[in-house]
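Peer 1: Listed below, chain by chain, are the residues.
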Amino acid sequence: MEKNLNNAREEIIRRSGVNPSKCMKCGKCSGTCPAYDEMEYHPHQFVYMVETGDIEPLLKSQSIYRCLSCFACVDRCPRGVEPAKIVEAVRLEVIRQQGANHLKAEGVAENLDEEIPQQAIVTAFRKYTK
Amino acid sequence: MQRIGVFVCWCGSNIAATVDVEAVSQALAKEPGVVHSANYQYMCSQAGQDLIRAAIKEHKLTGIVVCSCSPRMHEMTFRKTAESAGINPYMVEIANIREQCSWIHKDILTGTEKAIVLGRTAIAKVNLNAPLTAGESPVTKRALVIGGGIAGIQTALDIADAGFEVDIVEKNPTIGGKMAQLDKTFPTLDCAACILTPKMVDVAQHEKIRIFSYSEVAAVKGFVGNFDVTIKKKARYVREDVCTGCGLCTEKCPVKKVPNEFNLGMDTRRAIYIPFAQAVPKVATIDADYCNMLKNGKCGVCSKVCTAKAIDYEQKDTLIEEKYGAIVVATGFNPISMEKFDEYAYSQSKDVVTSLEFERIMNAAGPTQGKLVRPSDGKHPHTLVFVQCVGSRCANCAEKGKEYCSKICCMYTAKHAMLTRDKYPDTDVYVFYIDVRTPGKNFDEFYRRAAEEYGVHYVKGMVGKVMPEGDKLMVRASDLIANKQINIAADMVILAAAIEPDKSARSIATMLTASMDTNDFFTEAHPKLRPVESPTAGIFLSGACQGPKDIPETVAQAGAAAAKVIGLLAKDKLKGNPCVASSNELMCNGCSSCERVCPYGAISYVDKEFRGPNRTVLVRRVAQVNPAVCQGCGACTVACPSGAMDLKGFATKQIMAEVDAICK
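Top to bottom, those sequences are chains A and B. For the first sequence, counting from 1, position 94 maps to 94 in this note's numbering; every step adds exactly one. For the second sequence, counting from 1, position 487 maps to 1487 in this note's numbering; every step adds exactly one.
Mixed in with the good hints there might be a few duds.
Unchecked claim - Restricting the straight-line Cα-Cα distance to at most 25 Å, the calculated cross-link-like pairs of lysine to aspartate or glutamate (DMTMM-like) are:
(1) A:Lys25 - B:Asp1479
(2) A:Lys22 - B:Asp1435
(3) B:Lys1221 - B:Asp1520
Said to hold, decoys possible - Sample of chain A residues lacking proximity to chain B, with all beta carbon distances greater than 10 Å (derived):
(4) Met24
(5) Asp37
(6) Ala72
(7) Asp113
(8) Ile116
What the hints assert, rightly or not - Computed, partial: chain B to chain A, Cβ under 7 Å:
(9) Trp1010
(10) Gly1012
(11) Ser1013
(12) Glu1343
(13) Ile1434
(14) Gly1461
(15) Lys1465
(16) Met1467
(17) Ala1477
(18) Ala1482
If you're looking for bench data, these hints aren't it; they were derived computationally from the structure. Yeah, the Cβ is synthetic: ideal placement off N, Cα and C, and Gly gets one too.
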């Protein structure tokens, strides 16, 4: 398990193209984040936790779906760290795992409402049966 | 034929570990011209030098080769050794077998082989060396200081107190610089004007100091000890020798809406103005961009009210030629522009100000007479947010900010926060910081006082954005220690803008051939051991033009620069470098190529008579080098199409011999 997580760290760094050690811990990313209150872990924590290899809590957290990808943090970071790209890379780490979907096909029905387009429901079934 | 001695140094194990020094000295003993070859543990030590001196006497040596460290390290040492034993110092050559050989090779065979080649090369050169004698040039015992801020003022006073004449060139109408704009100074909180203006008066009254205010350096020629400087005195349309500084004109001038740069445009002045009450020289200046009389000939009020008859609308820029022995650069700094930091709403709200603007607001002589009010509506602010590192430590935004730490912001922000709480206890003051950097005497104690005794809220985290909403400024920031995002409805936001060198520094550096770093700060000759000298001889650095500095550091450096200038001006003559260019007049074809490439203006052409065939006389135009001006760069030797130009000590013949020795 530990080895896998270590790989996850390298993979997230490679995939995002972000060097988390460039971070000087000023917190401007979290100071500007519009989804801050929605997130359990905040942009600066994503950077720090990836830097230190503390990946597992991030993978399990709903925070990866709360990021709006507005890129305000990327725009304002004085050191060019690009936190949103780290969040994106962590999200991909979860999404791309086979059999690790956070929804099962059986659960799709519970989430239905009238507003959901037909195509989205079909896509959901196609995705969550894999 | 030379009689050459070779001396191979071990440098302890620095050289001996990767170069077989015994093998090197044996191999070099067989080279042509070599009559003696030895090796020793530390050639630069007293014992090593004695060994060289003894060998010179014993073997009647005419030249020596020392295989050791870089010539930058010990060439002077061994030249002095040779001179003390009676041979010309320029008969010494250094083969660098340490930096360029032993330190970069791991294998002893490779290292030894290369050391032999390098030694052989130096021997080939010494075989063609000739004794050289350095010329001497006189020293003009006067100094020029560029910039009249606290750095320039202190340097000028210290040089003048030692008895040398000093001229200060200041581009603004008054000396005083940034310090004149400050309210209080950290960490003692004494009033900036109270400690600066007496020094400004000292400068004005010092018999050895002249101030060229409203002037710029237009051109610099010459070299250490002998600079020729052209100073452009801009027309101020007021006769400095007549104006009494009564200020009547500045009250009567009808053009009232000119942004006042001394208060950073937060209030207005007239078209004729004196920047501030304690200005030196206290002389009015007409701003030609706004004066009706100068623009369209319709006004003349100032001339009518002036009882001293000092107004002169016909005044022109004048050029003044002066000679100096040394030049001190003290061009100072400016805060960077905040226009590009949209997230802090500087361009959107008048209540977002820079720290220098805040300084003027807090100053009794400022636009609000020292009353803390919001620039937008004149109301008293209750919540103030200070943002540190705006544009400093900014690696990603070269077009916006600076990569370096501006050094002074932590302390002046602590000062502003403390003074605000002290004068207005009804305020809430927040300081958002990344790190609080307070190295300096009594600095950390000062910062802690702001937090502990004055109740300033220090929050670890940066402000992400500032949004004007109604008459409030909504500040969104992170508190990293509480792991919270905080939102503050502030009345004023104060940005600690990064500082950068004054824009005039770049053109001055070009004129002085003084080097700068990528941020346009002047480079010092050595970052630790020669911090106030430029690598260009005769150019010295004072104050923030060399890097961000606070007042105590600036004053210390200003004094250090003055000491270096005094050391130079105290000499009657300077020994030149004898390795200068000279032209072979018989070969010179008078083409002027060398004159055009010479960066120092050391080459001139003369018509000279030569003996022709059959007792005739030919007059030919030939190049002549002024050895006092020539810096030995060698550009002319490359440009000369006929091969008439050559460099003493680095003759083409010698360099070719070295190349041959390497390729043998």
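Peer 1: Taking the hints in turn, state whether each one holds.
Peer 2: A quick look at each hint next to the structure:
no.: 1; hint: A:Lys25 - B:Asp1479; result: holds, 11 Å
no.: 2; hint: A:Lys22 - B:Asp1435; result: holds, 16 Å
no.: 3; hint: B:Lys1221 - B:Asp1520; result: holds, 22 Å
no.: 4; hint: Met24; result: violated, 6 Å
no.: 5; hint: Asp37; result: violated, 7 Å
no.: 6; hint: Ala72; result: violated, 7 Å
no.: 7; hint: Asp113; result: holds, 31 Å
no.: 8; hint: Ile116; result: holds, 32 Å
no.: 9; hint: Trp1010; result: violated, 42 Å
no.: 10; hint: Gly1012; result: violated, 38 Å
no.: 11; hint: Ser1013; result: violated, 37 Å
no.: 12; hint: Glu1343; result: holds, 6 Å
no.: 13; hint: Ile1434; result: holds, 4 Å
no.: 14; hint: Gly1461; result: holds, 4 Å
no.: 15; hint: Lys1465; result: holds, 5 Å
no.: 16; hint: Met1467; result: violated, 11 Å
no.: 17; hint: Ala1477; result: holds, 4 Å
no.: 18; hint: Ala1482; result: violated, 11 Å
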